[in-house]
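Chains as they are written, first to last, in the working numbering: chain A, 29 to 516; chain B, 29 to 516.
Derived by calculation from the structure, the hints in this document are not laboratory data.
Incorrect hints may appear among the rest.
[As the list claims (entries may be wrong)] Stretch-level coverage of chain A by chain B, calculated; a stretch enters the list once three of its residues show a Cβ under 8 Å from a Cβ in chain B:
#1 73–85
#2 346–354
#3 410–422
[Claimed, not checked] A few chain A residues that face chain B, going by a derived Cβ cut-off under 10 Å, partial list only:
#4 Leu66
#5 Tyr138
#6 Leu148
#7 Ile151
#8 Val186
#9 Ala188
#10 Ser189
#11 Val200
#12 Lys306
#13 Ile449
#14 Val451
Here a beta-carbon is modelled for each residue, glycine too, at the ideal position from N, C-alpha and C.
Listed here are the chains, written in short residue letters.
Number of protein chains: 2
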Amino acid sequence: MTNKDEVEWVIRLGDGSSTVLEPEPQPKHVVMRLWDCLKGLAIRFVTRMWMFLKKAWDLGVDDPRKLIHGLKLGVALMFVSLFYYMRPLYDGVGGSAIWAVMTVVLVFEYTVGGTLYKCLNRIFATFLAGFLALGIHWIASHSGHRFEPYIMGISIFVLASATTFSKFIPVVKARFEYGCTIFILTYSLVSLSGYRVDHLLNVAHERVSTIIIGTCLCIITSMFIYPIWAGSELHHLIPRNMDKIAKSLDCCVAYYFGLDDDESMKSLQSYKCALNSKASEETMANFARWEPPHGNFNFRHPWTNYLKIGMSSRRCAYCIETLSSCLDSKNDQVPEPIKTHLESGCMNLCTSSSNLIRELAIVVSTMTRSRKINMAVEDMKNAVLEIQNDLKSLPDLLIQPHEQKDKNKAVSSDIIVMPLIEVIPLVSFASLLIEIASRIEEDMVKTVQELAESAKFKQAEDEVKPKHNQTIDKIVSDEENMTALQRV
Amino acid sequence: MTNKDEVEWVIRLGDGSSTVLEPEPQPKHVVMRLWDCLKGLAIRFVTRMWMFLKKAWDLGVDDPRKLIHGLKLGVALMFVSLFYYMRPLYDGVGGSAIWAVMTVVLVFEYTVGGTLYKCLNRIFATFLAGFLALGIHWIASHSGHRFEPYIMGISIFVLASATTFSKFIPVVKARFEYGCTIFILTYSLVSLSGYRVDHLLNVAHERVSTIIIGTCLCIITSMFIYPIWAGSELHHLIPRNMDKIAKSLDCCVAYYFGLDDDESMKSLQSYKCALNSKASEETMANFARWEPPHGNFNFRHPWTNYLKIGMSSRRCAYCIETLSSCLDSKNDQVPEPIKTHLESGCMNLCTSSSNLIRELAIVVSTMTRSRKINMAVEDMKNAVLEIQNDLKSLPDLLIQPHEQKDKNKAVSSDIIVMPLIEVIPLVSFASLLIEIASRIEEDMVKTVQELAESAKFKQAEDEVKPKHNQTIDKIVSDEENMTALQRV
Chain A
29 MTNKDEVEWV IRLGDGSSTV LEPEPQPKHV VMRLWDCLKG LAIRFVTRMW
79 MFLKKAWDLG VDDPRKLIHG LKLGVALMFV SLFYYMRPLY DGVGGSAIWA
129 VMTVVLVFEY TVGGTLYKCL NRIFATFLAG FLALGIHWIA SHSGHRFEPY
179 IMGISIFVLA SATTFSKFIP VVKARFEYGC TIFILTYSLV SLSGYRVDHL
229 LNVAHERVST IIIGTCLCII TSMFIYPIWA GSELHHLIPR NMDKIAKSLD
279 CCVAYYFGLD DDESMKSLQS YKCALNSKAS EETMANFARW EPPHGNFNFR
329 HPWTNYLKIG MSSRRCAYCI ETLSSCLDSK NDQVPEPIKT HLESGCMNLC
379 TSSSNLIREL AIVVSTMTRS RKINMAVEDM KNAVLEIQND LKSLPDLLIQ
429 PHEQKDKNKA VSSDIIVMPL IEVIPLVSFA SLLIEIASRI EEDMVKTVQE
479 LAESAKFKQA EDEVKPKHNQ TIDKIVSDEE NMTALQRV
Chain B
29 MTNKDEVEWV IRLGDGSSTV LEPEPQPKHV VMRLWDCLKG LAIRFVTRMW
79 MFLKKAWDLG VDDPRKLIHG LKLGVALMFV SLFYYMRPLY DGVGGSAIWA
129 VMTVVLVFEY TVGGTLYKCL NRIFATFLAG FLALGIHWIA SHSGHRFEPY
179 IMGISIFVLA SATTFSKFIP VVKARFEYGC TIFILTYSLV SLSGYRVDHL
229 LNVAHERVST IIIGTCLCII TSMFIYPIWA GSELHHLIPR NMDKIAKSLD
279 CCVAYYFGLD DDESMKSLQS YKCALNSKAS EETMANFARW EPPHGNFNFR
329 HPWTNYLKIG MSSRRCAYCI ETLSSCLDSK NDQVPEPIKT HLESGCMNLC
379 TSSSNLIREL AIVVSTMTRS RKINMAVEDM KNAVLEIQND LKSLPDLLIQ
429 PHEQKDKNKA VSSDIIVMPL IEVIPLVSFA SLLIEIASRI EEDMVKTVQE
479 LAESAKFKQA EDEVKPKHNQ TIDKIVSDEE NMTALQRV
């Protein structure tokens with residue numbers, strides 16, 4: 029098998045057998061292999077970079093506001109660099125202009141609320157820590173040179189430990205976490221500088237003034253250039269999630285009764301957004317607290333009520349999650365007549381429930397009460413009654429076919445009730461739908477009404493009123509007729 | 029009504045009527061009111077402070093590690109202050125020793141993984157940004173004094189915008205968010221300093237060396253003084269949540285059949301911990317990636333598998349949430365004989381399910397495979413079969429009482445099936461239990477097995493093996509008998 033010009037090496041062993049030594053791979057091969065390896069690595073690297081860039085591009089196209097946020101930070105940083113580039117300002121604020129740059133980089137957040145939270149935390153914590161450090165430095169310097177480092181050291185240790193620990197307390201964590209960090213930082217810096225630098229007040233003054241410059245710049249950029257309000261985000265997220273839940277519910281029931289199309293399978297899973305949005309809802313509500321009045325939102329807009337609505341949406345989503353597992357299997361067991369018997373009831377309940385959810389979502393997003401809500405609740409209650417009646421008449425259906433078959437015989441020995449076990453998946457499907465309806469009525473409607481009251485939502489436009497008046501007129505005239513009749 | 033020694037002022041008006049001037053409230057009253065007001069404020073303040081301190085105290089007693097974390101930061105900060113207090117070191121590292129203090133305050137996190145994540149991000153981002161800034165500064169300084177500020181300004185704008193935008197990409201957000209911030213910060217600082225400071229390399233060198241001092245101190249303190257590993261936390265959180273789910277399931281079923289005590293009502297809600305722990309699980313898994321091997325965890329321990337188990341636990345918790353709403357109402361409607369008929373089946377299924385969950389939790393927490401799992405799965409499957417049989421025999425129970433009553437008559441006209449609607453709550457309760465069992469089998473067992481394989485869990489101790497051998501021996505001897513028989 030070897031070429032004629034290749035040398036073959038054979039080793040003859042002690043026992044008479046011989047072994048052919050395989051020729052070593054040619055150096056050309058090694059180079060080639062190395063080349064292939066490198067080429068593979070390069071291709072992999074380029075592919076990964078390409079994937080990364082594509083992902084970034086998709087993200088930018090999907091939500092351009094994220095790109096705009098990046099540009100805004102760039103603008104703010106450019107502006108603050110001016111303080112450094114322009115000599116007069118530089119000489120004024122001194123080398124600590126660097127603090128302004130740091131402030132911009134560390135404080136600038138995606139939402140206005142986030143930026144304000146960090147700005148205000150930073151300013152107050154810096155002031156508080158600065159004054160405290162100056163005070164303790166004064167005490168320390170008056171208690172003799174020997175004790176000074178001990179006093180400062182112990183005060184740093186105690187304050188840093190206590191502040192770090194207090195970050196674990198939920199209220200502090202939600203509102204002042206960043207402030208705690210800045211407090212420790214400023215206290216350490218000022219008190220350490222106090223030990224070395226003689227013009228301590230200058231240091232404190234410079235740091236505070238540059239921080240104020242930085243924070244002002246951040247607040248202006250984030251509030252006046254294409255602002256993204258945490259409150260508005262929350263205000264849009266909640267009804268969006270509610271719509272998704274309504275869509276999932278529709279798809280789920282349609283799929284169960286075989287009325288689905290390809291598109292519905294995709295939106296079947298959309299309730300999962302509501303399941304996983306707890307953390308972001310809470311962050312937004314926390315940030316929204318710090319925001320000034322904007323758009324339709326007043327100063328003390330009840331953001332916590334949005335969290336309650338979010339919670340009630342999630343409670344519905346839990347049920348839908350359980351409902352969706354009814355779709356996997358067991359579906360085919362259910363006898364067709366029984367399925368047909370309950371189909372219209374289930375479809376009605378599903379339609380009225382999802383309509384109610386959508387109406388509630390409209391109430392939240394338009395901030396306007398709606399008279400349709402009461403009607404939708406009534407519709408849903410009627411649908412529940414209908415499905416309960418269907419379930420009540422189910423036993424007849426379970427027996428009837430056999431009665432008809434054995435018309436001429438005595439029924440006593442021939443009754444074979446259709447096995448209940450086959451009906452159970454459908455029955456539990458229906459009772460899950462009823463449970464969802466009750467959660468919508470008890471939780472979601474209530475929490476939306478609470479929000480409508482505490483946020484003073486606009487009254488519904490009087491589209492229904494004329495009709496209502498007509499009804500009243502009719503009732504009045506009916507009553508007049510009645511009294512006329514009684515008089516007769 | 030006025031006392032004799034009080035003066036009454038009367039104004040006689042133009043129209044002849046008169047008005048008695050009310051005596052003004054005594055100054056003593058105003059002071060008293062102010063005093064009361066102040067006292068109220070003070071009491072409120074003291075009460076709130078007291079509540080806050082009590083909350084903090086409870087938190088510290090509940091989890092002393094949080095207190096220890098605070099003390100650790102204090103220790104690290106004390107140590108780093110030494111660099112500032114001791115003159116030789118201070119002269120060596122210069123005024124930028126302040127960076128070491130900043131590093132400690134900003135980088136020190138609760139878990140080792142969190143600290144390492146921030147440290148490594150900080151070091152790499154500082155290096156990368158420093159070199160990039162030096163490079164671009166070199167280019168800028170060679171392209172003439174006129175273009176220099178423009179090149180630097182544009183580069184800051186572009187890099188800051190791009191880096192801020194890239195923080196929104198999920199992979200970057202999870203692993204390099206802090207690094208991105210530090211990258212922008214360092215790049216701005218170095219390139220701005222480069223424009224003013226002549227000894228740029230010195231600045232860069234000082235900053236890098238102080239940051240390394242700070243990070244090393246942080247890593248040492250967090251890894252060697254009472255370390256809290258994110259990996260261990262995750263490793264304990266997952267089975268703890270599983271146990272809570274098992275407990276909730278037990279309580280739920282016991283409560284439904286009226287076997288509950290006061291204590292069980294409390295632990296009924298404990299499944300909610302599992303519902304809400306998604307965010308913290310993900311954070312811990314992210315931090316755990318950065319941790320070196322410790323305890324039983326190797327370098328590439330499959331932390332993502334823990335997230336999968338967490339997800340499967342949550343899927344069970346969703347079902348239990350739906351199950352728990354069966355407890356609120358409708359419970360009393362179910363006729364007692366039907367309830368008794370299904371009680372043992374439900375209790376068995378619940379016990380076997382919660383046993384299986386507890387076994388799986390033990391597997392996860394001890395990192396040892398268990399032969400009991402297969403037996404527990406079999407138990408659970410048998411319990412499902414049992415309950416399905418109970419459900420199958422339910423129709424007989426629904427009709428029987430009436431057949432017995434009307435023994436002597438023809439049944440045809442007298443069959444009144446017990447209304448199915450009354451049974452539905454119990455039936456859907458049972459089918460939810462079956463659904464939970466199927467989720468445990470399909471999701472939880474599978475994800476735990478995946479973890480066991482990828483983390484190479486220890487084999488079970490051979491407690492069951494002898495029995496197994498006996499069985500094999502028996503089979504062999506049976507086979508021998510068979511062949512003996514065949515031979516005959």
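| Interface restraint verdict for Ala188(A) against chain B (beta-carbon cut-off 10 Å) | For Ala188(A), the interface hint holds, since the closest Cβ of chain B sits about 5 Å away, which is under 10 Å.
| query | Hey, does the Ser189(A) contact hint survive, CB to chain B under 10 Å? | reply | This interface hint holds because 4 Å falls under the 10 Å limit.
| Taking the closest Cβ pair, is Ile449(A) under 10 Å from chain B? | holds, 5 Å
| Three or more residues of the segment 346–354 of chain A near chain B by CB distance under 8 Å? | n = 5 at 8 Å, threshold three: holds.
| Are Leu66(A) and chain B close enough, Cβ to Cβ, to be under 10 Å, as the hint says? | At 24 Å from the nearest chain B Cβ, Leu66(A) fails the 10 Å test, so the hint is violated.
| Cut-off 10 Å, beta-carbon criterion: hint that Leu148(A) touches chain B | Leu148(A) check fails; min Cβ-Cβ to chain B is 19 Å, beyond 10 Å.
| query | Holds or violated: is there a CB of chain B closer than 10 Å to the CB of Val186(A)? | reply | holds, 7 Å
| query | When the nearest CB of chain B is found for Val200(A), is that gap smaller than 10 Å? | reply | With a closest approach of 9 Å, the Val200(A) hint holds.
| Counting residues of the segment 410–422 of chain A that have a beta-carbon nearer than 8 Å to any beta-carbon of chain B, does the count reach 3? | holds (count 4)
| query | Should the hint that Ile151(A) touches chain B count as held when the rule is a Cβ pair under 10 Å? | reply | violated, 18 Å
| Any CB of chain B closer than 10 Å to the CB of Tyr138(A)? | Holds, about 8 Å.
| message | Under 10 Å is the threshold here; is the Cβ of Lys306(A) close enough to any Cβ of chain B for the hint to stand? | response | holds, 7 Å
Violated hints for the displayed structure, listed by number in ascending order: 4, 6 and 7.
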